[in-house]
Structures are given as C-alpha cells and as structure tokens.
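Chains as they are written, first to last, in this note's numbering: chain H, 1 to 147; chain G, 1 to 290; chain P, 1 to 777.
Incorrect hints may have been included.
Listed next, the in silico DSS-like pairs over lysine-lysine satisfying Cα-Cα at most 25 Å (straight line) [claimed, not checked]:
| hint | chain 1 | residue 1 | chain 2 | residue 2 |
| --- | --- | --- | --- | --- |
| 1 | H | K129 | G | K2 |
| 2 | G | K2 | H | K56 |
| 3 | H | K105 | H | K137 |
| 4 | H | K2 | G | K2 |
Using C-beta positions, here's what the derived DEER-type ranges look like [to be verified]:
| hint | chain 1 | residue 1 | chain 2 | residue 2 | range |
| --- | --- | --- | --- | --- | --- |
| 5 | P | V50 | H | S40 | 15 to 25 Å |
| 6 | G | N55 | H | T92 | 43 to 53 Å |
| 7 | P | V313 | H | T6 | 39 to 49 Å |
| 8 | G | K142 | H | K137 | 42 to 52 Å |
| 9 | G | P39 | H | T6 | 45 to 55 Å |
| 10 | H | T72 | P | A773 | 27 to 37 Å |
| 11 | H | M1 | G | D133 | 29 to 39 Å |
Partial chain G-side listing against chain H, Cβ under 10 Å, derived [claimed, not checked]:
| hint | residue |
| --- | --- |
| 12 | L37 |
| 13 | L40 |
| 14 | P48 |
| 15 | N55 |
| 16 | A59 |
| 17 | N108 |
| 18 | T158 |
| 19 | D257 |
| 20 | G258 |
| 21 | D259 |
Note that these hints are calculated values from the structure, not bench results. Owing to the predicted nature of the structure, the values given are computational and were not obtained by experimental measurement. For each residue, glycine too, the CB sits at the ideal point set by N, CA and C.
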Amino acid sequence: MKIDGTNTLPASVDTVWKTINDPEALRRCTPGLKELKAISPDNYAATLQIGIAAVKGTYAGTLRITDKQAPTHYRIILEGTGGAGFMKGEGTVDLEPQGDGTLLKWVGDIQIGGLIAGVGQRMLGGIGKMLIGQFFKCLEESLGSGS
Amino acid sequence: MKPAAFEYHTPRTVDEAVALLARYGEEGKVLAGGQSLVPLMNMRLARPANIIDINRIDALAYLRRERGVLRLGALTRQRAAERSPIIAQHCPILRDALRLVGHAQIRNRGTVGGSIAHADPAGELTAILLALDGEVTVRGPKRTRVIAAADLFVTYLTTSLDPHELLIEVRFPLPPEGAGWSWMEIARRHGDFALAGVGVVLAVRRGRIAEARIGLTGVGPTPVRAAQAERGLVGQPPSTALWAEAAEAVRGAVEPDGDIHASAEYRKHVAGVLTLRALQEAYERARKVA
Amino acid sequence: MSTRYAGARVPRNEDPALLRGRGLFVDDLALPNLAHAAVLRSPHAHARIVRIDAGRARRAPGVAAVLTHADLGEFGGPLPMLIPHPTLIHPKTQQPLASSVVRHVGEPVALVVAESRYAAEDASDLIEVEYAPLPAAVDLTAAAAPGAPLVHANTGTNVCAHYTQRVGDVEHAMALAPHRFRERLVVDRGTASPIETRGVVASWDPRTQRLEIWDSTQAPIPIRNGLAAMFHLPQPSVRVVAPDVGGGFGPKVMMFYPEEILVPLAAMRLGRPVKWIEDRREHFVATNQEREQIHDAEIGLDETGRILALRTVFLYDAGAYCPYGLIVPIVASTTLPGPYRLPNYHAEFNAVFTNKTTVSPYRGAGRPHGVFVMERLLDRAACELGIDRTEIRRRNLIQPDEFPYAVGLIYQDNAPVEYDSGNYPRCLEHATEMIGYAGWADQQAAYRAAGRCVGLGVACYVEGTGIGPYEGCRVTVDPSGKVFVSTGVGTQGQGHMTSFAQLVADQLGVTPRDVVVRTGDTDGFRWGTGTFASRAAVVAGTAASLAAQAVREKTQLVAATLLEARPKEIDLAEGKVFVRGVPARALSLGEVAAAANPLRFAMPAEWEGPGLEATRYFAPPRGTFSNGVHACIVEVDPETGMVSLLRYVVVHDCGRLINPMIVEGQIHGGVAQGIGGAYWEKLAYDAQGQPLATTFMDYLLPTAVEVPPIEVGHEETPTPLNPLGVKGAGEAGVIPVGAAIAQAVEDALRPFDIHITEMPLSPNRVRQLVAKARRTP
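Okay, chain H solo, but in the shape it has when bound (with noise of 0.2 Å):
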C-alpha cells in the first residue's frame, strides 16, 4: 500500500529533526509501540501492540533509521511479525523550512500479510493511513507545546 502526505510542523527544520530521531518522541507517537529498545545507534528492537476494537496482536520487530542526511532526509523502517501476520512499513522524510515552521513530507510503503491481510483487506487501507495520521498529530503536538 502506498501512502505519501505532507504536514506543517510549528517549529524549526532543527527541532523536528531531533524530534524525529529521538526514541522516546518515536516511542510515544508511534500508534500501539510499547517498548523501544536500543540495539545499536538507530537501530531498535521494537514491540508494538496494535489492533482495532477486538482484533489486537503483538508484534515484535525492529525500528531501524537509515540513509540519514541531517538536517533534511532520512528513511525509517518498522516491521513487526505476530500472531495475526506481519506488517512492514518503510518512508522516507523530508523536511524543508516553510515559514517559521517545517514541512514535512512522508512517502511511504506499508506491506501487511497474514491473517489479517486475507481477512482485513476492506479496511486495513483505511486503518493504515489513520495510524499514519495519528502518528504525525502526536508529533504536530509535542512540537506545539515546545518539548
């Protein structure tokens, strides 16, 4: 599933871009990451509960950040197996000053198999771009209030 979506961010291209490596603000804002733990530098064993009404899994797996040019782009890779199936999700970010502000840019490819593909798929579209969105109002929120 491809997705790609822009947001305007209340704070410079510097603050978003600390905000966005930083685990505990990726921790926090990531729908359903539990746990976040530190392998190597960018390079995370993740554990994300995640579900909708009912249907809830727990899924372990990794967060990885790459192909970092600071200030202004870099990929990040999160992918998960559990019970219900497996799921990967890759973007890349780009930020470029607009105003006082940032904006950022996010092209990305979620890939959800098992199960819950063979049985969700007339809504994992829909419930993938709203993690997504919820995802980016957390960070439209941290930055807001000025942490």
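Could you slot chains G and P onto chain H? The hints should help.
Showing chains G and P alone in chain H's frame:
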C-alpha cells in the same frame, strides 16, 4: 479456526454485566449476537480473555415508541426490529435497511445494540442513527451517560464507549408524520456489506422541502451525515435538478476507501447515484402537505 | 432386456440418508484415542526459513507431537509428479513440509498433533519460525518476463513449460485472410469452493499391520497405491476410503497433498489415529486453485465470416508447484476450436510459476478459457463484419454428417481430438428458440424505450469427456435379492449411487432402490483411477453395465438349470427370474443367487464359478465429445455497473441420458460456478503475493438470489464409442458461461459500445467501461 481459551461469564442483570466489565476492562468483551465477534475469535484475530455474554439479560430486550422516539433495548434482535409493526408504521426506513443487514439467519441473532457498538463502516443502522440524530445510553461502573450519534462514531469499528461501558439503549427520534423515506445501497450480493449506502428522509410542506436528512455508509471510517447537501435542499421546490445538486454535494462530502471489490472513485460516484435515486423515491413517498 | 430406468428421472438413492444428516463425511469419524492435527502455514509468499524452533510447542499441554521437515526423514522429499509432460522441463513439486524455502502463502511448515484441534492451534501459536522474506513473483506477465524473482532458484526462469500445438499453416492462412481481429483476453484466479473442505483421518493397526485412511479425495485408489509405495507396504496393507464427500470439482484429485502424507505418518509414529480437517481459511490458501490465464489471440476470417485461421499465445499461471503438469493449458488449447471448422490453428503457451497457491484443474479445467477466447473473437468479428452473432456461428459449425471429425490436435489423454458425434446446428437452433432470439431485437427495443439496458448472449462449446485409461465394476447379486455394485471411482455428489443403479437395474430386472452402489473404498474395489474430467458415467457406468449384463447372462445360465429350460428363454423382471411366458413358475433373483453358490456336490462347469457376480472393465481408446449452447439475458444498470441475470438457458447434448434429473443437477451446479466466475468470484492477491480474499466475505459465491432459474433443454446424439451411447456431463455447466455473459453485457450496453475482454466482471469494472465508453447514447 478454533478460538483461543477464554473465561466465560453469564450475567443476569445490567449491574452484573457492568461489574464484570469494570473488573476485566480491556481483557473483556461483550457478547451479544456474536455475528461479528465470534468469527473474529474463531480466526484468533480477537482473543479476549473474558467473554461477558449478555444474552440472558432479559431487561435489555424491548422495543417501544415513546413521545416521538423509538426506544430499543440493546438486546433487541435485528429480526424482531425488522418485523416490528411499530417500526413499520413509524420508522419504515429502519425496516427497509434492516432487510439488507446480512441474512435472516444473521438477523435472528444479531442485535441492534451490538450492531451500533460494533460500528462497522458499512453498517446500515449506524448511518440511520446518525441521519435521525439518534443517541445511545451507556452504563459504566461509575455513571450512566447519553452519547449523541454525532459524538458516537470515532473511526473504523470504534465508538466513544470506553472499555468499561455497556451500551444499554438505542434511541431513534421518529421522522415527522408523512415524511418520505428511502434506503438504497449497492452490495455485491444480497446481504453483503454495502459498497455504499444512503438513507434519506424528506418532509415536504407547501410544495417545498421542509426537512431533509441524508446519512451514508460504506464511504469512510464512520457513517457520514451529508449536512451541506441537506442544507441545499431545505426550502427548495423539489426537482430532478435539485436532487442532482444534492448528489454532487454528497460526492464532495465523502472520501471513501477502495478495496478489492470497488475503488474509492466507484464508491464516491455511486454514493451520488444512490443519493439522487433515494431522494426521488423519498419524495414520491412523502405526503405532500399543503 | 428392458430399458425402464436408464433415461428416467429416478429419485436419488443417496438422498434419504444425506438429507437426514446420516451421511458419513470424514469429519464424522470418531475413532478411539483419536488425536487432532493442525498445520502451521507460511504467512509469506516467498521466504527463506532461517530457523524453526518447536520446543515450546512440543511442551504445550495436550500436545502429542510436532513435526517439522527435519523430523520427516525419508519422507521429506518432493511429492510425486502426478502427470509429467515432455515439455515440462521444470517439474517441481512441493515437500510435505517446507525445509528451507516457502513459495506461497499457506505452504505447510509444521504439523502439530494434540488431544484436540483447540490444543493443536494453541501449540501452533508457540512454534517460532524466523523467515527472511524474498521478492515474490505474483503478476503473471511479470513472472514470465526475464529478470523476475525466481520461484524456484535453480531453474533460471519461471517458465516451466512451453508447448505448441499446430494444425495446418496459420502464418500463411492468416496472412491471406481478408479480415483479422486481435484480442487480449484475461481470466483471473478462482477456487472451486466445495461445501466440504479437505480432511484426512489415518489409523495404523499394528496387529493387522494395516494402514486405514479416510480422505475427502476424488481418487482413493491412486492415493492407496501411492501411500503403499511411499511407506514400503504392499497394497493390500493399505486401505483408503473416500466416504461421503461434499463436493470435489477437481482440486480434491491430488497425489499427494502434504496432509495426505503427514497425517498417516503421524498416525504410524504415534500409534494412534490422527484426524486433520481443513478449515475454510486454510482451504483458501492450501487447496489448489485455477483459472488464471492471459491469451493474446488473433482470428482470420473471409468476407462471409468463415474462420480461416486462429492463433492464441497464452500464459498459464501454474502457481508455486506443478504436480498436475500441463493438463489445464492443454485442455484450454484443445477446447478452443469448439464446434467450428478451424483449418489452421496455432495454440502456444508458457506455463509460469508464481508465488501463489498451486494450480490444478477446477471444473472445466481450461475449457472455459478455450471457449472464452473463441467466442469473444467470433463476437468481435460479428460486430466488425456486421454479421448476426448466431449467423456467424452457424456458418462455421461442423455439420452432422461430418463425424467423426478430426480436429488435428492431441487431447489431455494423449489421443487425437476427434469429435465422434453431435448435432451442433440443432443445439444452436434449440437454444436460440428457447431464449427467444428471433424476437429479441424488438424486445430489446422495447426495453430501451423504457430506459432499461437489457442484453442477450449466446455461446457454443464442445467438451472432451469420458477419457480412459479405464474403470472397472463388480456386480454381485446377494441371496437377499439386493444387488451390490462396487466400482473404483469416487462420488462427490454426482449421483453415482443412482445412475449406476439404474443401469444395473435395467439388466437384472430389479428397481434402482434394490441396487446398492458402493464407491470410494479400496477394499471394495481395487482398480481404478478416480472421478475427474467428466468420465465416471461414461467409463465406470459402461463397466457397470457390462458387468450387469454378464451377471444377467449368468443368471440365465443358472436359472436354466433350475427351471429346466434354455438360458435364452429366461427373463428377469420385477426381481424375479422365470421362463418367458411362464411367470407363475418364477424364482426370486435372490433364490437364484443362493442356488448359484452350492455348498456340496458338483457345480456345472459352464457356470465358470459360483454366485451371480461379474467384474468388467472398460478402457475407452479415446474420449467422447459432448457439446452445448448457453444463452442468457442480463440487465445492466449503466450508472452503477450492477448486472442481474434475468434468464439462463442451457441446451446440452451428452449423448444418451441415464438420469435427466441428475444431469440437470450437474448443469445447474456448473452454471452457478460459471456465473460466479463471470461476475463474482476472484482470488485477489496483493503485490507481495498475500491473498486478500480468504473468507467468503471477500470471495463471493453467487447465492440463490443471484442465480436465475436455469432452463435446460436436452439433445441426445449417442456416441458410438461405448455401448451405452453416453457422454460426460459433469463439467458442462461451467464451460461457456463467461463467454455468454460477456456477450450479453456488451449487448445490453450496445449504445455505449463497450468491449469486454476479461473475467470476472464486477460493478466497478462495468461502470469503468461505461465511463470510458466510446459512445454516449
């Protein structure tokens, strides 16, 4: 396709059920008709540690009309509502939509409360609740509260109920006397999830639209109230051109998802087609009050 | 000999028990100390297995065993290649459990055996498998192209076979043809969806050293033979029973599915019976699928619409493995010519591996594709040349006096395609009359005036049926007077217990209710190949009739001794045996059977053995060709793309009908599956090879609401290829449905001038075609 192990509880009263929900919270799930929950459990997509089966709470199964409002206990079976003479007489759009909810076997077990709480993005009852400005009563361990339809549906399969709350009553304000109605949906087969569905209620007075309600399903994560389209209709003399304008407004108001059965463009297009046809049918059914 | 029952609508022998829920399906088996199995399956379309750790699973409560490939020992090798072919250069079959690579979602990785299916699934959750995903070859065209990810690493290509069949000189004839039209025709993946999924129960008795298997299979004898060979047992030590089977339709013919090895293996190792029942979600990924083909076809015609040449070059999606060889694409190629004279023909295909579920025949087995290509090309030609669509067909039909007609191709049984009999023009007339073709133009004009888009479609086909190698049958009269019939074919709803009983009843003067037909038990009858390819009535039915005839002659012989008459004077009727003209002095058939088995004294030499019993085989040298014409009327809503079927007509010629009611049932079922394949049923896969329709929520079977009443007309041109004159009827219903519906939808939307080149359609697709229409009315 065998479910994971769970503890099974059978409360006899609402208080007992709520106490169980308070205790188990996120690890508990209410079982009413089971037509959505049980398949998810069989496939192990849902593994609630505790099932709170409310089917023995007789106090939750009732259907009555009171002061212009249809009050349904959460455990009212869809089939009972479908065949209710009260609904046939006073809220026929509900009957017409219910006939398209799955199949008779599913409606024999499925409940009105369960359907609303499940909030399937292609469900019929949620769209009608929204169109008629309905509301639900929910009981939690600390309080009972009322949630208006406009505040109830959050996203896919998600309402604003919290995990400790039990939905106990659904209320549909009745359409005005003599109002016309129409429920139309496109589904791949009889009983399937709607690719798009539209419910319309129209009241006509002195040759003009006095009141218009348009609710849609299958066109996004939650049911949609086409408020702008409604406003464009009120006060206007009816005509095919008017319906077409409303259909365009509806198309502009929805952002459907695509899936393997139909693209987003198709659903958007068909939402407009159904709106136009439903408005025409609702108008024909409306009693024209001079 | 009377023909009282053959040809009659005899109510089915199997129904009283089935309708009362007293059938025995494989899941009904309850054996003492039965353990239950679950299969852990790959969630990836293509991946390396890095690590499997079943330790926690083995220790879970109620678990008797967990098998991974490492535990299989000598049974871990690739499963047999069921149908090889000289052009199949990469004959790949799967291992019972994947060892290092998984090649489709659903491929088995481990088997868990436990006290209950619940416990087995709980333990399955605890098996840790680490996969390294690999790029998947999913799209058929992309998979065939150089540089595609390889499904099988050591092959260098995903093309596992390339085969061409030629008649005449297509290049020359096409070049000279005044009119040439090209089409690219696409049919998408589907699955048979029998109401009963697969299942296997196995039990090893150490005292008798016998392995007993109950398997929801269409071919129990090959399973018995294969398992005996695999487990180094003599064939009499293995018994395979196909009990009541809730639908087969093709995918239940395999030798073997992994579970057919794993379950018996587990039973033997554990020393207790093991049951595995496939659930529906598994069925969508683990039972063979079919239907995906892409044809680039061209037709050349003269001014009058006569076909001069036809070429098709196509891709056939074989899935991840190809145990069933090239049957489907060969059948597609050889069915394409249909009832038409086709002097120059070129059919060429590439069979392509993809990272999707394995493909094997599903009702029709390629015939629907052949018909879709030919009929769409003729419709295109009719439209462009301004010739009526039934007239262009009429002009090309093989005439009744041209039989036997050699098409010039080699069929799936390796014998030449030679149409033995038929009356194609009469079937077309019959169908067009039933659908009201003569008055259609006026009727359609009236619909259009009322603002309705209603269309009519007609499609013709010829179907190869009744192929060998052989089937056999034993008929035995019991002293009770009941007649027992045993044959090697299995039954999955075809009504063999009735149709074979009718044939035998006619020979022996009893009623079909007196005849007990048993199929599907290798202990009951040891020789046979199975139920597939519309052959059981032809091959096993003929064998039954021959065996019954032999029993009749024996009865006459024995009764002649008892009644002091000559054998030719003995008649059999109403369960009695008597000298013609002297019915008062009759013996019951049972009495004669008892008398034929003396306990003492000498037995007449001419009896050649005791009892009223005979076994006969029938080995047809080649198949016999059924044919038919379908016609339908559909209504289309151009705004929403919704299509509804208003009428569906079938005219069908399967030679002599044994039981018209059963044939109609077969046709109804086939038509319903064809309707599904034309407008509802599609197995969608995403770009990573993830199947997206693995429940009936998303794989849409048409219901009683969607399928119109099916009007069936029968024609009978008996075949000279067997004594009964019967031809096969099992697959017929499904074959031309897509072609007929495509034509009907185009006809309904004629003002928009849309063009249909794919199956299945959907409201979304129809609406898209209207939106992009070349004309607006």
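Hints, one by one, checked against the model:
{"no.": "1", "hint": "H:K129 to G:K2", "result": "violated, 31 Å"}
{"no.": "2", "hint": "G:K2 to H:K56", "result": "holds, 17 Å"}
{"no.": "3", "hint": "H:K105 to H:K137", "result": "holds, 14 Å"}
{"no.": "4", "hint": "H:K2 to G:K2", "result": "violated, 34 Å"}
{"no.": "5", "hint": "P:V50 to H:S40: 15 to 25 Å", "result": "holds, 20 Å"}
{"no.": "6", "hint": "G:N55 to H:T92: 43 to 53 Å", "result": "holds, 51 Å"}
{"no.": "7", "hint": "P:V313 to H:T6: 39 to 49 Å", "result": "holds, 46 Å"}
{"no.": "8", "hint": "G:K142 to H:K137: 42 to 52 Å", "result": "violated, 29 Å"}
{"no.": "9", "hint": "G:P39 to H:T6: 45 to 55 Å", "result": "violated, 39 Å"}
{"no.": "10", "hint": "H:T72 to P:A773: 27 to 37 Å", "result": "violated, 48 Å"}
{"no.": "11", "hint": "H:M1 to G:D133: 29 to 39 Å", "result": "holds, 36 Å"}
{"no.": "12", "hint": "L37", "result": "holds, 6 Å"}
{"no.": "13", "hint": "L40", "result": "holds, 6 Å"}
{"no.": "14", "hint": "P48", "result": "holds, 6 Å"}
{"no.": "15", "hint": "N55", "result": "violated, 17 Å"}
{"no.": "16", "hint": "A59", "result": "violated, 25 Å"}
{"no.": "17", "hint": "N108", "result": "violated, 22 Å"}
{"no.": "18", "hint": "T158", "result": "holds, 6 Å"}
{"no.": "19", "hint": "D257", "result": "holds, 4 Å"}
{"no.": "20", "hint": "G258", "result": "holds, 7 Å"}
{"no.": "21", "hint": "D259", "result": "holds, 5 Å"}
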